[in-house]
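In order, the protein sequence lines correspond to chains X and E. According to our numbering, the stretch in the first sequence is residues 1 to 168, in order. According to our numbering, the stretch in the second sequence is residues 1001 to 1100, in order.
Hint data in this document are derived by calculation from the structure and do not stem from the laboratory. Quick reminder that beta carbons are idealized off the backbone N, C-alpha and C, glycines included. A couple of the hints might just be wrong.
Unchecked claim - Listing some non-contacts, in silico: residues in chain X with all C-beta distances to chain E over 10 Å:
1) THR17
2) CYS20
3) ILE96
4) MET98
5) ALA100
6) LEU102
7) VAL107
8) ILE108
9) ILE109
10) LEU111
What the hints assert, rightly or not - Under 7 Å between C-beta atoms, here's a sample of chain X residues computed to sit facing chain E:
11) ILE21
12) ALA29
13) LEU148
14) ALA151
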Amino acid sequence: MASIMFYLLSLILLTATLLCIFQRNPVHAVLYLVLGFFSLAIMFYLLGAPLVAAWEVIVYAGAIMVLFLFIIMMLGLAPQDRPEGPGWQRWLPFVILMAAVLACTLVIIALDPAATAQGEPYSLGPQDFGEALFGKYALAVQVVSFQLLFAAVGAYNLGRIQRGKGKP
Amino acid sequence: MIGVYHYMTVAAILFAMGTYGVLTRRNAIVIFMCIELMLNSVNLTFIALSRHLHSMDGQIFVFFVMTVAAAEAAVGLALMITFFRNRESIDVDQINMLKW
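Just chain E, same shape as in the assembly (with noise of 0.2 Å):
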């Protein structure tokens, strides 16, 4: 039988990859395609938790987290084009422009 905790370890293991990614790889929309999937780890432990409290607040909730994730991709994806447009390039070692 499949429980909550069968979920919510999948989902840990998911968001650890997802962590994984933004820590290693160096171009930026791979980076943000991780940050999509540690969000989408996390719609999976609210799915798995509203099934197992029989509430349906947890759904509700996967509504707010895939609106966020769409505006992030949009204003990300503008800011990845207006990085590009002046370095040529979306190396995330090459953003260092605001460093102190």
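Bound conformation, chain X alone (with noise of 0.2 Å):
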């Protein structure tokens, strides 16, 4: 089942990447991108890491490539010469490919609803994570805060319109 199941999900994950890649609208391409994100999710939790695989969806889908989609609208990137066509067969492959993650997620549902499969030691629970990033890796946590801080004062400086030179 498990066998099945990556496959299935890296094929997900390929086509989603190579459909990202070769669009032409960014809009679509952050779009696939979150596809193939979401499979990559399911797969760490099929590698013992449910933490891991709840950040993925957390924090990239949730957070960065929401992030991406809000500069691209924002900006106004979405090429405005779209070739004419019946809508709904544009998107075709998405639905096609998340129905598949969707239906993977509800497997793995379905045949463990606790969890209990992932007996092995290296299955990762929230607790002992957390010992160990704020035990043994405290100082790179340290190290991390303040490069977290030093971009978002980067971001901050780029961002903001100086007074005289630049448009309003």
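Hey, can you piece these two chains together into the complex? The hints should help.
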């Protein structure tokens, strides 16, 4: 069962990535990339990393990709001269792949509702993860938090409009 | 039976696709997305090896990779906005003011 799911998920992942790379419309590319991240998250779950799978959905698909989408829509980058055609056919691959991802999730939940099959010691729960992160790797967490702070200051500095020069 | 090599093969293909996208696309935001894709293929390698070696260090490192990706996205998109304000476009062929 796990091997079938692996092949199905890798097929979805690689197809969505290919469609993302060759899309002309950046909005569609973002949607296909989000789809790929969903299947990657299920793969992480299969590998015994449920916490990382949750982050993949929350941080990558939920935060970073929505930020990309926001910037694309704010700058108005979608191509204006789109070819005319039936609307639903261009969404068909997205719908099929997304349905397959959701089916994989439902199968996982139906097979093992309490997530007990991942009984190996490397199936890391939030408690072990937090103890390791703030015990053994506390210094690295400090460094990374400084990096995030610097990135926020840099983004603010780049994004503000200087008084006197620059357009309003 | 699915082993670690299967996952690493998928990660390698994903990384190659991301590299191809970075080299061929001209829209700067799509190039950023391809960089995120490459970071995620590295994440997949980390998780697969973390399971293979029965160690949690790989999963911890994925946390740091995600932090770096978030910081990179914030700064990169701020750069995009600044560039778009000056040039009305984010085509990377037009980013040539620092060219020698």
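So, going through the hints one by one against the coordinates:
1. Once the 10 Å rule is applied to beta carbons, THR17(X) is inconsistent with being away from chain E; the minimum gap is 5 Å.
2. Chain E draws CYS20(X) into its interface by the beta-carbon criterion, the shortest separation being 7 Å against a cut-off of 10 Å.
3. Once the 10 Å rule is applied to beta carbons, ILE96(X) is consistent with being away from chain E; the minimum gap is 20 Å.
4. At roughly 18 Å from the closest C-beta of chain E, the C-beta of MET98(X) stays outside 10 Å, upholding its exclusion from the interface.
5. ALA100(X), annotated as away from the interface, keeps every beta carbon of chain E farther than 10 Å; the closest lies near 16 Å.
6. A cut-off of 10 Å between C-beta atoms confirms that LEU102(X) is not in contact with chain E; the least separation is 20 Å.
7. No beta-carbon of chain E comes within 10 Å of the beta-carbon of VAL107(X); the shortest separation is about 16 Å.
8. Distance check for ILE108(X) against chain E: the nearest CB is about 15 Å away, which clears 10 Å, and the non-interface claim stands.
9. Chain E leaves ILE109(X) outside its interface by the beta-carbon criterion, the shortest separation being 20 Å against a cut-off of 10 Å.
10. Against chain E, the non-interface label of LEU111(X) holds: every CB pair exceeds 10 Å, the least being about 16 Å.
11. Restraint check, ILE21(X) versus chain E: the minimum CB separation of about 4 Å is within 7 Å; hint holds.
12. For ALA29(X), the suggested interface contact is upheld, since its CB lies about 6 Å from the closest CB of chain E, less than 7 Å.
13. The interface hint given for LEU148(X) is met, as the beta carbon of that residue sits about 6 Å from the closest beta carbon of chain E, less than 7 Å.
14. With a least beta-carbon distance of about 4 Å to chain E, the hint placing ALA151(X) at the interface is held under the 7 Å criterion.
When held up to the earlier numbered hints, the structure conflicts with 1 and 2 and fits the remainder.
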